[in-house]
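Novice: Sequence:
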Amino acid sequence: MRKAFLACQDAKLKPQIISEDGVSDVPQGTNVVFVLQEFSGAAFRSLSCSESLCRVVGPRCLYHCVTNEVAIPSNESPVFTMSMKGVIATASKLPQNRKEEIAFLISCVGGSYTDKLTSSVTHLISEDGWSPKCEKAIEHKIPMMRHEWAIAVWQASKKRDLSAFDEDFIKYKLPPFKGMHISCSNLAQGVKEKIQAAVESNELHEYKKFVAEIDLSDAALCGLFLDGCKIFLSGFTWSHVVP
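Under the numbering used here, the sequence shown has 179 at position 182, and the numbering climbs by one with no breaks.
Treat each hint with caution, since some may be false.
[To be verified] Subject to a maximum C-alpha distance of 25 Å in a straight line, what follows is the list of computed DMTMM-like cross-link-like pairs (lysine to aspartate or glutamate):
1. LYS130 <-> GLU145
2. LYS11 <-> GLU66
3. LYS189 <-> ASP125
4. LYS155 <-> GLU98
5. LYS191 <-> GLU98
6. LYS90 <-> GLU145
7. LYS168 <-> ASP158
8. LYS82 <-> GLU97
9. LYS96 <-> GLU35
10. LYS189 <-> GLU164
[As the list claims (entries may be wrong)] Simulated restraints on C-beta separations:
11. GLU145 <-> SER16: 35 to 43 Å
12. THR27 <-> LEU3: 18 to 26 Å
13. GLN13 <-> GLU132: 17 to 25 Å
14. THR27 <-> HIS137: 29 to 37 Å
15. PRO140 <-> ILE69: 26 to 34 Å
16. GLU132 <-> GLY26: 43 to 51 Å
Note that these hints are calculated values from the structure, not bench results.
Where a beta carbon is used, it is the ideal one built from N, C-alpha and C, also for glycine.
Hey, can you work out the whole structure from these sequences and the hints?
Specialist: What follows is the structure, encoded as structure tokens:
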């Protein structure tokens, strides 16, 4: 907080320090920015409600904006850090309460959330590797992440400056075959074992890597069973079969 306060003074922004009890006495408006050390407590709940007209940010967010000479976010929700600046995320096959949780956390770290998969979306968050949204994400090369990504970035950004794209968070990428059950036919045992190892490996993140490493040209049938729907993979071609 001290670094953010001094940075504001250097930028001639005339910051003021007030007590939590004095928050209600400050006139609200879109040009008023409240900087809170913690995103919790009565003051935070009051300032972050839908009726509030002011902006609420954390000290790391303010320091980033002032020192980099970028605009303070005008998000409708509070922004604690800028760790997910540029992220526009959507979710697939998550329960509603989980979607609401990650939407809130993503907005707290400078990103945004949308329910629809559009051309502007940068990341898809899911716990299952197969759904219409996942299919489109793969088609358009949109990275797919597990929901723990948003939680981990939020928790870490409260302690240090970071980016959601740092190497520490690669482990939260969604394995492409997560939630799928794969069956093979007319393949040598060695090839089957390679397929099993590749599919179950946490190091596998790209379908192209899978087909490049394993020769499926002689496969009569390699079936993926997803929620009652069969998807057959022969060589490099996917085809859907109605159950």
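Novice: So, for every hint listed, does it hold in this structure?
Specialist: Evaluated hints:
Restraint check: the Cα-Cα separation between LYS130 and GLU145 comes to about 19 Å, which is no more than 25 Å; the hinted pair holds. Only pairs whose Cα atoms come within 25 Å are accepted, and LYS11 paired with GLU66 is accepted, the gap being roughly 16 Å. At most 25 Å may separate the alpha-carbon atoms for a hinted pair to count; LYS189 and ASP125 meet this at roughly 23 Å. A threshold of 25 Å between alpha carbons decides the hint, and for LYS155 with GLU98 the separation of about 17 Å falls inside it, so the pair holds.
A hinted pair counts as satisfied when its Cα atoms are at most 25 Å apart, and LYS191 with GLU98 does not qualify at roughly 38 Å. About 14 Å separates the Cα atoms of LYS90 and GLU145, which keeps this hinted pair within 25 Å; it holds. A distance of roughly 19 Å separates the Cα atoms of LYS168 and ASP158; the hinted pair therefore holds under the 25 Å criterion. Taking the CA atoms of LYS82 and GLU97, the gap is near 19 Å; set against the 25 Å cutoff, the hint holds.
Our distance criterion of 25 Å between C-alpha atoms is met by LYS96 and GLU35, whose separation comes to about 23 Å. Between LYS189 and GLU164 the alpha-carbon distance is near 32 Å, which puts this suggested pair outside the 25 Å criterion. Between GLU145 and SER16 the CB atoms are about 37 Å apart, so this pair conforms to the stated range of 35 to 43 Å. A C-beta distance of roughly 25 Å is found between THR27 and LEU3, which places it inside the suggested range of 18 to 26 Å.
Between GLN13 and GLU132 the C-beta distance comes to about 52 Å, which lies outside the given range of 17 to 25 Å. Evaluation of the 29 to 37 Å hint for THR27 and HIS137 yields a pass: the beta carbon distance comes to about 35 Å. PRO140 and ILE69 have their C-beta atoms about 28 Å apart, which keeps the hinted 26 to 34 Å range intact. Between GLU132 and GLY26 the CB atoms are about 45 Å apart, so this pair conforms to the stated range of 43 to 51 Å.
Checked against the numbered hints above, the structure breaks hints 5, 10 and 13 and satisfies the rest.
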